[in-house]
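*Asks:* Here's the letter readout for the chains.
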Amino acid sequence: MGKKSKSSRKGKKEWRKNISTEDVEDFLEISTEDVLSGGSQQKEPSFFIDKSVDLAAKKKIDKSRGKVLWSDKLLEKNPMVKIIPSSTTRKMKTNKNAKIVQAGENETTLQTRLKYQNACDSSLTDLWEDGKDDSRIKKKFLPSAIPAVEVEPSGCSFNPDSLNHQDALARAVADEMQKIYQQELGPKPVPSVAHAEVIDDELKYFLEADDACDDNEEDGVQISNTGAEIEKRVPKCKRVTRVELNRRARKKEHLMIEAEAKKVDELTKSIDDLPAILQAIEKEEEEKNKRYMRRRVAKAEKLKAHPPRLGKYKYQPTSLQVLLSEEKTGSLRKLKVSCTLVRDRFNSLEKRGLVVPSKKSGRKDACLKPEVLE
Amino acid sequence: MPKHYRPAGKKKEGNVAKYVTRSQAVKSLQVTLPVFRKLCILKGVFPREPRKKVKGNHHSYYHTKDILFLRHEPLLEKLRDIRSYDKKIKKAVSKKNRDLAERLMTRKPSYTLDRMIRERYPKFVDALRDLDDCISLVHLFAALPAVDSTANGEKIPVSRVHNCRRLSYEWQAYISRTHKLRKTFVSVKGIYYQAVVEGQTVTWLTPHALQQVLSEVDYRILLTFLEFYEALLGFVNFKLYHSINVKYPPILDPQLEALAADLYALTRYFDARSARLGSMTSGSDQMELQHLPSNELGSLVQITQGANEDEEDEETRECKNLFKNMIFFLSPEVPRESLLFVISAFGGIVSWDGEGAPFEESDQSISYQVVDRPTLGRKFLSREYIQPQWVFDCVNARIILPTEKYMVGCICPPHLSPFVDNEAEGHVPEYAEAIERLKAAQRKEVMPLPGSGKEDFDDPQSLVGIADRAEAIEVAKKRKEMATREKQYFDELRNEVKGYQIADTTVDNEPIHVDEERLDQDLRQREEDEASRGEALMGRKHRNILKAMKIGIQKKKDATQRLKKRQKQIKESEMLD
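Protein sequences appear in the order of chains A and B. For the first sequence, the positions run 1 to 374 when this note's numbering is used. For the second sequence, the positions run 1 to 577 when this note's numbering is used.
Hints may be right or wrong, so weigh each one.
[Claimed, not checked] Each pair of labels, with its calculated beta carbon distance range:
hint, chain 1, residue 1, chain 2, residue 2, range
1, B, Val147, A, Val35, 41 to 49 angstroms
2, A, Arg295, B, Lys564, 38 to 46 angstroms
3, B, Asn544, A, Ile146, 27 to 35 angstroms
In short, the hints are calculated from the structure, not lab data. All residues carry an ideal CB built from backbone N, CA and C; glycine is no exception.
Model the full structure from these sequences, guided by the hints.
*Replies:* Here it is as structure tokens:
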């Protein structure tokens, strides 16, 4: 690969030398001017109408965008044909952040308007005006059929009816007991500290001695066994005579004929049995279908209460918030508010499958209420 | 040369092609995980469960198409820009260039969520459907303390909390002004409300004012949801306010705002608007607020009467007139915001103890004072003193309940949930029955003629269902009368035909012995006949389904019977003790 001639404009390195540095030089001029003149242009007044427009960076592609295709140019001579430029021009960017002061606005209204403008930095318009139906927008996928805000049963009121209260309490107690039973019935965890007796050096040898004794016994039994096997393994080999061979051949033929006859027999039997076979197949299909339907229904039922398994950790529902029987005073003022709604809302988000449960979310339930049903 | 070129490792079809894990998605979008989470929440992209989890059970999977959709999202670019801008600020700060850092912070790029909301909810009805979660979360954050650092280092900025408060008050003001609230339920967790807006039922939960301890949850996620929901609620409020011709955002009296009486300020703003539209000529909004006459109470009553809504359905009118002409005063220990909202939503006028309130405690026209103390100091004779539960129960029952049971110092009857359909459950609590009887009594007062009621006497099922024994007996008496009269008529006709002379017999109406047992049997027999007539026409399948249904219903009935028996036993044992 020899040195390329200097006149060649192709290649990656060459084009770098061909970039115009006009805008950079312009900018440097302006910035030095500012510095020399004291930077007065950089100060920002509190309210100003920003009329400045950024210099649009001239890109190489803009030059070609303005051009027209040669074929179109040819056709231009024909007045019936309109020239279509190769692509649409870029729209001018408008400056959104200008704070404009309206005439006749007094202080408070300006403040409120600014407050709202800053709070939600969008101009409040009617988003849904004139019922534009944008059919391009795709249909929204609902992660789950569980409603966003589920109302608690009647027994969770601050002054509940006694029977409803008992119902709700029973449910809460059942949940707690389930957890306790799960823990008890599960396998016992490996203890961190194992019980062991201290064994002295003398006892150690005794332990080893026991093991050695057993080994010897096993060896002895094995040796005697191999002896008997060796005897059995060497039977006498006799020569196969012609008679024997013929006998074998005849037997083989018989067997083949019998096998064929059997096959034909089975075929006729199965043809006779055809309806029975069909019925058996139908039954199997029905069973399969039933099982499939059962599983689908069970899954659908489960989905009404839990999200599908979305991540590493399982979803854990919050416990039911019920008043204990002692706490039931019937007064709104004395209501002991123990739980926070933050946890409840977060749990609802998890329940609908919008948030993947993390290991922290199921761990500490601040509203656990162990209690005894009266 | 190969015709189709697929990059090595890229699968064509199946679960592998359709689902990507979260880490794969983050890599392909070239963003960090927190930015990815934020984008997913704002865009409405959520993980799904594939049939076969190809990379293992411990990953969360997203649909490939969702991720591709995310890639063309302009918000992604904006978030990247913000990230790089943050880096500039950080650099300036670490180089101890405070001026530059401050200047940079004033010009920080930001994004708006209008397009996002418009994409996710193309119609207003869709937005209304999703309002439950939105309003609950906004109300929750309105009640939270603004902290600098929660458990996981995330801070809840004060401006956000104030914004939430403003939005929640605007929403409440709208609902109470247009009387769209239907049900309330006070539970241990908080207060549930249900309203009907443009045909959509919106149910939300507000915390009790007392709380709130911050628990250990991921606040970044909640704050992202909050951001989206704040924008959504802003736009929804805008549209709703415009539908009742009120300017949004409302400009409130700053004095009242400072006293944290936002809801009251909003109602006054509404009244000012409606008054302006009604009669007065246009002026600036600020002047209107000062023009209200000094007799606050009178003016408020006038204005609320003057505001007329043309499209109002039956229920709204009913709700509007529930607390009509009733004037409430709230003591400081009752939940003020909640009661303000509920009472004004049902047409009542309410004041409280404090600066800027419409009228004082000693005003003579107050008809009800809501207190929650064990005993009272001094009492005015012209007003009734009740506990706050009375208000909620009245609202749920839609009638004015008698106040004896709710007086100061009494233990109120149980607060029932209006969201539970008692007949469906099978067990109707006693207080619910009492309320039903009161309702029925009130309805009868309104309709003077029981005979002109809608009950169809020919349908025996409706007869059996009548709770009032006396009514049934009356109806049966009437029928018997009619029957005897008919018989008489036919006899006379027959006699005429036969040509006998009709003796002037004074028709003794024999005293109709109403044999109660025979009545019962008669009614039951007719009911059974009607039922079996329908049954005979069904096919076998339907009959079996009917049988199964009946068994289910019977089981439920047995359960309730058992409960009742147990209740009786408990009562008896209590009495014996």
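*Asks:* With respect to the beta-carbon atoms only, verify the hint that asparagine 544(B) and isoleucine 146(A) lie 27 to 35 angstroms apart.
*Replies:* Since asparagine 544(B) and isoleucine 146(A) have Cβ atoms about 33 angstroms apart, the given range 27 to 35 angstroms holds.
*Asks:* CB of valine 147(B) to CB of valine 35(A), is that within 41 to 49 angstroms?
*Replies:* Distance hint for valine 147(B), valine 35(A) holds at roughly 44 angstroms.
*Asks:* For the range 38 to 46 angstroms, tell me whether the beta carbons of arginine 295(A) and lysine 564(B) fit it or not.
*Replies:* Roughly 39 angstroms apart at Cβ, these two residues keep to the hinted range, so it holds.
Taken one by one, the earlier hints all hold for this structure without exception.
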